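S.K.: Per the numbering used here, the sequence shown starts with residue 7, numbered consecutively.
Keep in mind that the hints were calculated from the coordinates and are not lab data.
Model, not experiment: these values are computed from the prediction.
Mixed in with the good hints there might be a few duds.
Unchecked claim - Pair by pair, the computed Cβ-Cβ distance ranges are:
#1 Arg-190 <-> Val-33: 51 to 57 Å
#2 Gly-137 <-> Gly-93: 23 to 29 Å
#3 Arg-87 <-> His-116: 24 to 30 Å
#4 His-112 <-> Gln-88: 50 to 56 Å
#5 Gly-126 <-> Gly-93: 18 to 24 Å
A virtual CB, placed ideally from N, CA and C, is assigned to each residue, including glycine.
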Amino acid sequence: MKETHRGRLRRLSDEEIELWLTVAKSVTPRPDARLPQAPTPAIAAKKPDVEAPSLKSPLPLPKSPSPPPVPQLAPLERRLRQRLSRGKADIDAAIDLHGLTQAEAHSALHHFLARAQADGAKLVLVVTGKGEARSSGDFSGGGVLRRAVPLWLKAPEWRGLIIGFEEASRPHGGAGALYVLLRRADKRRHS
7 MKETHRGRLR RLSDEEIELW LTVAKSVTPR PDARLPQAPT PAIAAKKPDV
57 EAPSLKSPLP LPKSPSPPPV PQLAPLERRL RQRLSRGKAD IDAAIDLHGL
107 TQAEAHSALH HFLARAQADG AKLVLVVTGK GEARSSGDFS GGGVLRRAVP
157 LWLKAPEWRG LIIGFEEASR PHGGAGALYV LLRRADKRRH S
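Make a model of the complete structure from these sequences and hints.
M.R.: See below:
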């Protein structure tokens, strides 16, 4: 029997695979178990002078690198929220989207957030307006921008800019505004 060399696994011989398949057929397999394929007679009968890689059980293909997972949005910390509602925390920048179309507001918001992040801002205020009929908390009622801006901020392509967002407290506009917590700018991209 061959030894493993420094933790590497060796390939099973044809005889070992056949023996294993015989034993494996005598037991009830687990539902998720897969058995190796039996060696084909044509390949097993031919013994080349140079040992070639086995064609019976091909090596698994390397997985293509999956994109990094999209970070989840985080709510504002409780203490920061309290300080904001009491007027004891500063907002680094603000944008008012009143009177803009959706396309204009989307572009303006993206540029604003990117600029604020590059300037080192941590917390910004985005004023959307309350719209006609407003419904607190779920962003479902009210004006077009009040419904659209949270959807934009939840999109994966904005996660490089923001950590999270929440409805603003009353002194900052309540249901018609959002606090947006920005990610720290990546210094390597700008050097």
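S.K.: The structure should be examined with respect to each hint, and the outcome stated for every one.
M.R.: Against the structure, the hints come out as follows:
Distance hint check for Arg-190 and Val-33: the Cβ-Cβ separation is about 56 Å, which falls inside the suggested range of 51 to 57 Å. Restraint check, Gly-137 to Gly-93: a C-beta distance of roughly 26 Å satisfies the suggested window 23 to 29 Å. One distance hint, 24 to 30 Å for the beta-carbon pair Arg-87 and His-116, holds here, with the actual separation near 25 Å. His-112 and Gln-88 have their C-beta atoms about 31 Å apart, which leaves the hinted 50 to 56 Å range violated.
Between Gly-126 and Gly-93 the CB atoms are about 22 Å apart, so this pair conforms to the stated range of 18 to 24 Å.
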